[in-house]
Every structure is written in structure tokens, then in C-alpha cells.
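Undergrad: Here the structure of chain H is known, so what remains is to put chains E and U in place on it, guided by the hints.
Residue numbers (my numbering), protein chains in the order written: chain H, 839 to 1340; chain E, 839 to 1340; chain U, 839 to 1340.
Hints were generated in silico from the structure; no laboratory data involved.
Just so you know, not all the hints are guaranteed correct.
The list makes no distinction among identical chains, and a pair is therefore deemed to hold if it is satisfied within one copy or across any two copies.
Said to hold, decoys possible - Straight-line C-alpha distance at most 25 Å; calculated BS3-like pairs for lysine-lysine:
hint : residue 1 : residue 2
1    : Lys915    : Lys901
2    : Lys1044   : Lys1230
3    : Lys910    : Lys1135
4    : Lys1230   : Lys945
5    : Lys1039   : Lys1230
6    : Lys1044   : Lys1184
7    : Lys1044   : Lys1135
8    : Lys1321   : Lys1250
9    : Lys1215   : Lys1269
10   : Lys1015   : Lys985
11   : Lys1321   : Lys1015
12   : Lys1015   : Lys1250
13   : Lys1039   : Lys1337
14   : Lys1334   : Lys1269
15   : Lys1250   : Lys1184
16   : Lys945    : Lys985
Only a predicted model underlies this, so the values are computations on that prediction, with no experimental measurement involved.
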Amino acid sequence: MKRFIGVISLLVCCLLSSVHGGLVPKVIVPEGGLSPQTEACISCHSMYTPGIVHDWMTSRHSKTIPGEAMKKLPIEKRISAESLPQSLQGYAVGCYECHSLNPDTHKDNFRHMGYSINVIVTPNDCKTCHPIEATQFAGSKKSYAHKNLMGNPVYHALTSTITGMRRFGNNQLLAEKPSEATLHETCLGCHGTNVERRGTKNISTKLGNLEIPDLTNWPNQGVGRVNPDSSTGACTACHPRHGFSIEVARKPYTCSQCHLEPDVPAWNVYRESKHGNIYSSKYQEWQFDSVPWVIGKDFKAPTCATCHNSLIVSPGGDLIIERTHDFGSRLWVRLFGLIYSHPQPKSGDTTIINNRDGLPLPVTFAGDPASEYLIDKSEQERRLTAMSSICKNCHGSNWTSGHFAKLDSTIKETNAMTATATNVMVSAWDKGIEDKTNPFDESLEQMWASQWLFYGNSIRYASAMTGAPDYASFKNGWWYLNKNLQLMRNWMDFKKEVKEKD
Amino acid sequence: MKRFIGVISLLVCCLLSSVHGGLVPKVIVPEGGLSPQTEACISCHSMYTPGIVHDWMTSRHSKTIPGEAMKKLPIEKRISAESLPQSLQGYAVGCYECHSLNPDTHKDNFRHMGYSINVIVTPNDCKTCHPIEATQFAGSKKSYAHKNLMGNPVYHALTSTITGMRRFGNNQLLAEKPSEATLHETCLGCHGTNVERRGTKNISTKLGNLEIPDLTNWPNQGVGRVNPDSSTGACTACHPRHGFSIEVARKPYTCSQCHLEPDVPAWNVYRESKHGNIYSSKYQEWQFDSVPWVIGKDFKAPTCATCHNSLIVSPGGDLIIERTHDFGSRLWVRLFGLIYSHPQPKSGDTTIINNRDGLPLPVTFAGDPASEYLIDKSEQERRLTAMSSICKNCHGSNWTSGHFAKLDSTIKETNAMTATATNVMVSAWDKGIEDKTNPFDESLEQMWASQWLFYGNSIRYASAMTGAPDYASFKNGWWYLNKNLQLMRNWMDFKKEVKEKD
Amino acid sequence: MKRFIGVISLLVCCLLSSVHGGLVPKVIVPEGGLSPQTEACISCHSMYTPGIVHDWMTSRHSKTIPGEAMKKLPIEKRISAESLPQSLQGYAVGCYECHSLNPDTHKDNFRHMGYSINVIVTPNDCKTCHPIEATQFAGSKKSYAHKNLMGNPVYHALTSTITGMRRFGNNQLLAEKPSEATLHETCLGCHGTNVERRGTKNISTKLGNLEIPDLTNWPNQGVGRVNPDSSTGACTACHPRHGFSIEVARKPYTCSQCHLEPDVPAWNVYRESKHGNIYSSKYQEWQFDSVPWVIGKDFKAPTCATCHNSLIVSPGGDLIIERTHDFGSRLWVRLFGLIYSHPQPKSGDTTIINNRDGLPLPVTFAGDPASEYLIDKSEQERRLTAMSSICKNCHGSNWTSGHFAKLDSTIKETNAMTATATNVMVSAWDKGIEDKTNPFDESLEQMWASQWLFYGNSIRYASAMTGAPDYASFKNGWWYLNKNLQLMRNWMDFKKEVKEKD
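The shape of chain H in the complex, shown without the other chains (with noise of 0.2 Å):
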């Protein structure tokens, strides 16, 4: 991958420029070359989408030979198969090497200028070179992100509820369902969408028309999308297409594109926190291109990646933790409360889930986990110290352990503030003040889902990153779970109120 040889000019260049007479792209590229098909579609795709063609020539896949680098020591490898299609070997990984794999599978395959091209390039695909990425990805719950949504009734109620259109009318306010436009760009803009091929349209270029497939909820890049050819994820979800950088997936930004406030303030934490002040503080001097990634060497202060999936080694080039495309995988707890905080459930399946409510939540309403279902004392064990290992290369012991006790109690104080909204709750459907049908449809009932969905969740994950303190308290946090609590005991007596009136 350090040799590169030479500046190809594409035969295409010539011929542009000569139409063009300005600047036109030259490639670099490494021995080898660019294959006959990617060149191709680079001497139109120069003129047509520039913007793609310019991102990819400054991605590593545009510089890098896959048969080169497979000869990498195993600990610098970016690429996991154990062997390659041969017609994959030989050439640097442009766009017809992605765009060209598994056509049977593909619906939105088409033809297209003589080849035979996929609309989307799915995990699938990646797969092909990044085997051991894909298969833990797959077996992930950002995997399962719109199933776990759309297809628990729970969760599905909530969506419904809280994206469907109201009508006023006859002094009521009357519920529709949710458009798929809606969904597609509130829920399921993060989840996914369900991409499928409903037929083939026609569309006017400046190559004249063309024929092209007609995709369903497109475009998206949610990181549980299902895909044309049935698999489900978006490697593009956090690798940004055409640079497919694992920079930028590093870097919180691409993190903070999903797992923000209310709901899930990770990244508002993040970037008030001490870790995230140095790092905004001192980035531009750290490495995010370097695999393995160099604890105390290539950067000072952990990102998102560090902790949750990154492969890390010391400087002394010890290996302190592996890397994994299972985001969940070193986890011990899921602080994201449903409705209350619990251990990392097993599969990343969760509508397998059956608790003793009957229903697919990982803890009942009252509160009682569904444990066979979720990770045990002795894998949670497992999983904290792996984790703590991280910490530890920068941070005493004392100051570890100390960190994740105050997070234990965090964890069972915060649920008990969601208990304590849920006996309201149901104290207010005792009393007929609400209906309990949809538990998301009625002002209390919202009030309620506030106190964990917002509240509970902000001041749980202020706590994993000790040091922004604002979201445990003013900001979404202990100041809003107490002032809501009164919220609600008011609200139940104005409703009474109103209703013992009628």
C-alpha cells in the first residue's frame, strides 16, 4: 500500500479535457490500476457526478489493491477475508467492484450501459473483502434497527402515535397513521427504511433518458435499512459514501448524527464532557487514519470509536482490546431505559423478547426483567472489565471502579424515577383520568414516556461520561424528572377535575 508507483491520467481525461479545456480529475493510483469497468464508468461519471468521483479518488479504496493488502501483518489489516474473488485481486476498489457483486440477489440491479449494476451496495457486498465486520454487524441490534422498531407492537405504537397526523374535529382530536415519508424521515431516517423495488421508471439525463429501478423509501443510509437484496444495514451509515472513511466514523460527528438529544444524548454528553473537551480542543493534532489505533499516541483522549468498537494497542504495540462491528458487544448494560435501564439483551433481535407482561420489552412495567433474555451477572462481569481495560491505560483503578459505581446507583435511582412515573400513570388509569389502550396517546401518558424516554436516558448517559453535568441536571436531566413528577400529580387533578364536571 506504500508503493504506489505513478500518476495515471485516464484515457478519459484526454478526451474530457479536449471537451472541456479545464481542469479535469486525474487519479492516483496505486500498481495495478483501475479495472476496464471502473474505468469506464469513471469517463462518464467524472462529467455526470463529479462530487462522487472526487470523494472516492481521495478514499483508501481508490489507492488500495486488494491482493496487496491482504499481505498486511493481521494486526494492520483493514480487510478481514481470508481469500478474494480473484477478479477483485488485481485492481484498486473502484466503483464497478462494488457496485457489480451478487447481481442475483440484487432487485435493484440493472442494466445500465452495458453492465450489469446494483443501485445500492449493501453489507452483502462489503461483506465480499470484510467478512468479519459484516458477520458481527449482522448479528447486532443496529442490525435489527427497523425490525426491533416496526415490529414490536410496543414501539410500533409509539411511532404511530407520535408521527400520525391529528384532525380537529367535533372538539376531538382524531388520529391518522403516520405517512411513509414521515416515517422514513423521523424514525426510521436512524432505523431505516424498507428499500424496496416496486419497478422501473424512466428518467430524463443529459445523456437522454435512461431506465432505472424504482426504489421504495429512498434514499436512506439508516443503519438497520433492509435492502433490496434482503440483507439489512448501511455500512454507509457511519462510512460515508464515496470516501468510506474510517476517519470520519472515528471522529463523534458521524455518531452524533443519530445519538442525540432527547432521547439518546451521547453525543451532547460527549462534547461536554472532559473527553470531549480535549478532544475538541486538540484533534487536529491526533491520528484517525491509523489501524491499529495507538491509545495515548494517535490520540489523547478517547472518541466514541475508542470505546465502543475501535482495535486499540498501547504504545508499546499490546493489543488492549479487539475490534468489533457488534456495537453492543461491550456493553454490560443498556442505559437507553425501555422503559426502565437493563442488561444488554443476548440476541440483536429484540422482538424475540417475551417478558412476564407478555409483551417484547426487556423489562415488564413494573419493572422486572426479562433475564433469560438478557446478558448474565457473569457476562456483565466480562464485558465491564474489558471495557475498564480502556479506561485504565489513562485513568488509576480507583478511579475506574469509582466512575462505574456511580453509575450503578445512577442506573437504579433513575429507574426508580421511571417506577415512580409509572405508578401515576396507572394510578390516573385506575381512576379513569386516562385509557390505558395506547399508553402514548394522552398528555399524562406523554409526561410519563418523558421521564424515561428523555429524562432518564439524559442523565444515565451523563453519568457514563462523567463530566457534563448539565444534562444530569438542569438539562434534561434530575431538575425535569422531579419537575415533571409534579407536572403529572397536578395535571391528574385538573383532568379529574374537569372529568367529575361532565
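TA: Positioned in the frame of chain H, the structure of chains E and U alone reads:
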């Protein structure tokens, strides 16, 4: 412009250096140097306001001889005048070149150390070298930002109601008019104040007493500022003094000063979008200073300026879109709901609108657009096509059309959700629960205003820059759009109950 | 300090390299090198906590021989001691130099590998080389941040009420006291915990079992932390370990860890101000490490540190303002409303205040300041003049005075709006609608607290850093200030109605 010759130490520096013995400013100036007047300015101001002088020293102005700049290729020009006054052609653009223009129109002009100086440099002055930009700007809604707010009785009622003081007496909240100071630093901080000369005042400085113009509502750089020369606007709103940098204006932090949550969360949405993520992760490697701005080469993801106003070319040199300083001119729809989202108005002066309610609002209370004042379908189509031509450098036709189809749906739905809130409020008015005289001063009315001003707007901005799903969901999005309706419905009951008891 | 001589590979590195065969830390140290004790520390800790060691390697400490640093020009000195202990003069500032100081006062001292080591380095230890900074800090409100919060019965009631648990029983919300863990990660995250040694504990490490001090409320770097040597404060609050960088402290991300919305939105306002915009757009080109800090040359727009504590000179070398580590000492007014904005207190210890209500608050409930504990008009004038001397390097007199006149008006108006909310609440108390015993635990009271703690504060911060108009308007600003009063007024009626019915 590339032919800088040397480093000229200003005479004054020598003088000053003998006094201060320390660091003295070295101004790198192009052939031709500074005018004698500007040298005189600097001789004092490098001591008395060194920050300004040093900031200007980093500017392109300090290194540019307009006469030379005129010779560039049209596509590379940053100056749009066909011809320039003789006096400005041969010197770098310094203090005197800008602060001495059009003195007769400037009520803020005063005699200062033997020169006739304007305190404020206005768009009409910048127009000397930048007439196209100044003229485009003059027709834009930004240029009318003060008038459009303060000259419209409905919006004026809003500003007065929310920024005016309240006293508590006789169990009632008694309203007062807002002060100039508070209007200045709330609404008019962005919309621009009315800066007039009310007289002259004496100030004591290190140089002794000076007599200077006494200005109202100063300082302010609101984009629609009414200037003492009767022009409107402040180029410094986006090109801050005294660097006047195109780089700063192209970075999103500039726009973020005014276009931010909860009412116009353009910046907040951008930052959390895929585009914003790529910007934040990689902008250090991009070029923000080049003219023309080359898509794919100078930058890999758009900033606000890319889509809304910059001159963009392809790496091959093809024109993608012309520069504009009429910031609405590429837009087919106005996402900002007043009270409903609507087609862009034809004129930057929106006070001329007269809808079927007889009000200067682009849409009636019931949702009926004042179409004769708004651009028509074919103009909307033309603008959508032009904007899409930028998208298509990195995205396929399918992607682009899918994106904008989603936006269309969201505009319709959020408008409908505003209509529902309007219907609830009208019902409250009809029942005598609240009083319609001022539609902004009671609780239900304020919930109604939140529906369109905060929640509807947030969702539309999130849709327009797809990829910041939380602004469409839990963060001022659909969650609140629906929750707010429930609260309004309950609040109506509560207030009715109290009313009936009285 | 400019006379670095060479690169010394630590003996330990050779030893370690034979074990690890990989990357080993090379410490670039100045002439004189590291003390034998510090070399011993590093020999193990470069293996066990390599992150710390590598962070320190990037620090100025690792490259500075204090004896040499003493010889600098006074204006360039970063060390303020007149003389130093002999033992510290000749070696770089390493682990042992800091962690071994004043062992007799340190209850957190323990025997560690043959050395007597303090777990926590406190301001009293840093004072050895930095006595002026430590002394200034010791007199500041920051140093009393723990005591001022927890030792004041009113604020203590606030913290207890909002961070304590609530249970629901007999239709009532029953209050419990907050846990140490929750206080630790909410209020005391910034204000500082009380760190005491409660005994000794055994931990198992890679080196075998170690006996270490068992500390309460650890880890914490709150700025008013109470340390085991009885000192208060944590220099690491702003100069994070182990880089101890002046650059980090001068960048606004450091201040943003605690000074953020909704109660103290200094960072949020700054980021959206003109100054913040210029910072974000251009800071990569500025110098954050130079002493003295040259306005206009090292930076073009202020960060928090510029106005509040750094030593600033002009490009000509003139002193503009002296460095201070008493962070309130340049301020004439305390924007933070308790419950009204007021002149800065004379003493950093605000628990000594006794106002005419008999409470340790700087202002009475009705708005009457406890003037004898607050700085007087002439001291206020003196500080305003000093602060303005910074502004005037980039802004004219007219500009500067106009800016601060606006702030004056805003302080008066926001205080009046707090008074209105107070009057509404008192009226509710008088009518028996809520109970005044604890002024923070009922809904109307919490709305009242929001009035000054969130909305009044936000508006004042926005005014003080003019240019972030949304924090004065729709984002926790005047919109909410007025809306909140309407809600309070309605809520009073609703609660009264329920009460009368009972």
C-alpha cells in the same frame, strides 16, 4: 493578484517602534501600496485599535489593488464593477477607501483628524466595487428584514407581546411596550436595528476628547439594518469586519448566528445531517477561499453557501450555478411557516402582501396562499431544477427526486398539523376561553404559535436537509407537534372550567 | 526554554523494548532531564498507564526545567514563584515532582513502590511554582464553589429538592434525600465534591495486589473540590491532566463543560455570537500557546479566557490587562441571578452574606441588594473600564459604550420580570395555593425558578455577548419569560379550582 512584490514597513511603524520598542505591525501590501489617507489612519489606529488593523492585515482587501483585480477572468473575479473611480484603482483597499465613500448621504459622517469619515460602511458603499452583489442583496428579503418584521402589524404584535415587560397587579399580568434596548438585542439583533444620528457626543480617548456622531441602536450588524445613509443591510452580518472573508461566509458558523433553533433551526439540522457530519470531520482539508468554488475538489459536502448562494463550477470547469446575493432566489418554497409554509414571495418586501383575510401574510389563517404575491408553479419548477443541478453532482436522479418528494409531503403534513392547532384555537376563541384581539398573548395562543414557529419549522428544515432525524422526531419535531395538540386540548378544558366557575 | 538539547531515551524504554519489541515511548526532555524518581515512575507507568505518560510527554511540563524557566522575561513567564525548592530547579516537571509535594498535609498519601505518593495533586501543590495563580484562585468564588452551594441553606434546599428521589404513595409524591452519587454527578460535578480518605483498600493490578487510599466522591475535577489536604479547587478543571495545557484552557470548550445552558449558557451564547463565529471559522490559524497573548496577532476574536483571565498585550507590546485566576475579578456585575442579577460580591465566600431577609443571598426576595457584601459603584466603574480596555482594541468607544448600556437595560428588565414572577408566586402562597416552606418543590415554584435561573440568565448572557439573539428571544429568552408568566397565572387558577373543590 498573485504578483505581490514586497514587504513594506509603514513609516508609522518605524515611528511607533521607537516608542514601543516591541512588536510593530508589518503590513504586507501589494504593488501600489496604501493610499496616504489609509497610511494616516493606520498610523494612529495600529496603536489605538490594533485588533482592527491586524484583522484587516489578514484580509484580501489589504492585499488587493482593485485596478489589478479588474483584470482577472470573469469567473475568477471577486469584484463585479465594470469600472471604478480613479481614486480607488491604484491603492490597496484600506480604511479610507471604504470609510470615506458617499459622505453626503451619510448622516454618520464626521470630521476626524482632518478627514471626513463615515462611522458605518454600508451596502451602498460596498456597491462601489461590488454592484452586482449589492443590487441582488437590495432586492432580497434579507435587505427588508427590518421592515418586513416591524412594518407588518401581525409580526409587530408578536414582537411587542413577547419582548414587552409584564407587571403583576390586581391579580392580572399587565403588559408594557418593549424597550428599544430589548428589541435591539432580540428580534433586531438579526433583523437589524434602525441606526440614526441623534446628535453628537464627546468621548474621552487616549488621544484626548473627540467629538463623534451619537447613533441610535448601535452597535448592530443585523442583516436588514437601516443605515444612516438610508440604505439597508450590513455586509458585515456575514463577512465580519475587518477580514471581510469569503471563507467565513462560506462556513456554516456564520449562518448559525441567526438561523438556529427553535424557530429557524437550519444550522442545528445541518450540523447533525450527513452533510454536516462530513463537513465537521473533513473541512480542514477543504478550500474555502477559492473563486470559483469547485465542487468535489474544493469541498466534498455542501455548506449553506454552496446551495444558497455561491458560484459553483465542476472540476472540469463547467458552470453549475451562478453566484447570488439574493438568498431566496434559488428557493421555490419558503419553509418558514407564516403561519403555513408557502411558495417564495415574489418581492423581498413582504409588507406589500395582502391576503384574503386582508392581512399582509403570505397565507391566510385558514391556509389559503396569497398567490398573486408568490412565485408560480413554473418558477417553482425552474428553481427546483436549478437547485437539483447542484445535488446531482454527488447524487443520482433517483436520490434527488426521492429527497424532494419527501419534502413535499412533509410541507403538506406540517401545514395540516398547523391547521389542526389553528382549529383548536379558533374553537377556544369561539367559546370565549381566550380573546382573539392579540393572537399571541394567552397560553393557548402561545401553544398555537409554537406549533408552527417551532415544531412545524423544525420538521421542515430537517426534511429539507434529510439526515438530522431528531429535529423531525423528538427534538422539537413530531413528538411535540402531537404532544402540543394534546396539551392545547386539555388546557381548553381547564380554562373553561375556571371560567365557568367564575 | 528554547535551548532543548537532545533526545534522551529513558533507560526503562530499553528495558521495555526488549520485552515488547514494539513501539516504546521516547521522551524528549530538556537539558537536565528527568529526576531519578520520575524515571522510576515512568518505567512502570509507560506500561501500565501509557495514556497518561504520553499525554504528559506532549506537555510543557515534560520539556521545562523550572530553574531555566525562572530566567525568562517577567511578561513571558509561566511560573510566578520568586524562588523554588532546590529539588525542583534542575529536573523537568515530571510525575514525582508534583505527586510528592507536601506529603504531611495529604491524607491521600500512600507508600507506593518505595515512594511516598499523593493520589491527588491540589492547588496547594501547584502553588509551589505558581503561587500568584494559586493565591488569586483561593480567593475566588470558584474556589468556594462547593461551600457556596452546599453551605448555603437556600441553595442546599434547591439541590436537595431537585436531585432527591420521589416515591408515589397515598396519592402523594414523597421526597427523599439525594444520594452522594447523584449529588456527585449533578451539582458537584462542577462545584466539586468533598474528597476524603475513608480508609485503605486493596486492588488487584497487573503488578499484583496494591494497597491504596480509599477516597470518597472520587473521581472528580470540580473547580471547588474539597481536597484531602484541606485545600479547595482542582487546577485540572481547566488544565486537564496530564497535558496541563494553556491552549486547552484558552479554548472555549473547557469553559463549556460547566458554563452551559439552561442555567449558565455562556458557552452556548458565545458559540452563536459573532465572536464565536469568527473563532470557529478561523481558530486553526491562531496561536493559543503564547505568553503573553497578543491581541490581533495571536487571535482575532476573543475566547472566554481573553476577557476573563488571560494576560493580554497589544502587538506593540503594551500591557492591556494583567492575568488573573480570580475569575470574577474583572466583572462588575454578576449576571447569574440569585435570584436577581447584582453587583459582584466582595468575597469569594458568599455564605457570609446576610441580606435584609436574614438570608445568605446577595439580593432579597423583593430585589433589595445586600450592598455591604457587594462591590460599590466606584469599583464597578473601575472594572467596567478595565474590561472595556480589551474591547477597545477592536471596537470604537461608541460601540463599546453602546454595548454595555444595552446590558444595563437588560439587567434591569430581566430583574423586573423576575420580580413579576415572584409576585405571582407570593400571591399563590398568600392564597394557600402552594406552600412556601420549601420554595422549590411545587409546580408554580418551579416555574418561578425557571424564570430567573433559565430565562433571565439566558437573556443576560446573550446581552453580555451581543450577537446570539436567539438566546434572548425564542431559545430560553423573552418568549419563555413571558410565556412562563402566562402559564403561572393559569396554573394558579387551575390549582385554586382543585383546592376549592376538595
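Undergrad: Each of the hints needs a verdict: does it hold here or not?
TA: Structure-based check of all given hints:
1. Taking the closest pair of Cα atoms, Lys915 and Lys901 come within 25 Å of each other only inside a single copy of the chain (15 Å); across copies the shortest separation is 36 Å, beyond that limit.
2. In this assembly of identical chains, Lys1044 and Lys1230 lie within 25 Å of each other by CA distance solely across copies; the values are 11 Å between and 58 Å within a copy.
3. Proximity of Lys910 and Lys1135 under a CA criterion of 25 Å is satisfied intra-copy only: 21 Å inside one chain copy versus 31 Å between copies.
4. For a Cα distance limit of 25 Å, the shortest separation of Lys1230 from Lys945 across copies, 24 Å, qualifies, whereas the shortest one inside one copy, 49 Å, does not.
5. Proximity of Lys1039 to Lys1230 under the C-alpha cut-off of 25 Å is restricted to the inter-copy arrangement: shortest distance 18 Å between copies versus 57 Å within a copy.
6. Proximity of Lys1044 and Lys1184 under a CA criterion of 25 Å is satisfied in neither setting, with 51 Å inside one chain copy and 30 Å between copies.
7. Only between protomers do Lys1044 and Lys1135 lie at most 25 Å apart by alpha-carbon distance; the minimum there is 22 Å, versus 50 Å within a single protomer.
8. For the homomeric pair Lys1321 and Lys1250, the shortest alpha-carbon distance inside one copy (19 Å) is at most 25 Å, but the shortest distance between copies (28 Å) is not.
9. For a Cα distance limit of 25 Å, the shortest separation of Lys1215 from Lys1269 qualifies neither inside one copy, at 39 Å, nor across copies, at 54 Å.
10. Taking the shortest Cα distances, Lys1015 and Lys985 sit within 25 Å of each other inside one copy (19 Å), while across copies they are farther apart (42 Å).
11. Proximity of Lys1321 to Lys1015 under the C-alpha cut-off of 25 Å is restricted to the inter-copy arrangement: shortest distance 16 Å between copies versus 32 Å within a copy.
12. Only between protomers do Lys1015 and Lys1250 lie at most 25 Å apart by alpha-carbon distance; the minimum there is 15 Å, versus 36 Å within a single protomer.
13. With identical chains, the CA atoms of Lys1039 and Lys1337 are never at most 25 Å apart, being 55 Å at best within one copy and 60 Å at best between copies.
14. Within a single copy, Lys1334 and Lys1269 get their C-alpha atoms as close as 8 Å, and across copies as close as 21 Å, so both meet the 25 Å cut-off.
15. Taking CA atoms no more than 25 Å apart as the test, Lys1250 paired with Lys1184 passes inside one copy only; the shortest distance there is 21 Å, against 42 Å between copies.
16. Taking the closest pair of Cα atoms, Lys945 and Lys985 come within 25 Å of each other only inside a single copy of the chain (20 Å); across copies the shortest separation is 55 Å, beyond that limit.
Checked against the numbered hints given earlier, the structure breaks hints 6, 9, 13 and satisfies all the rest.
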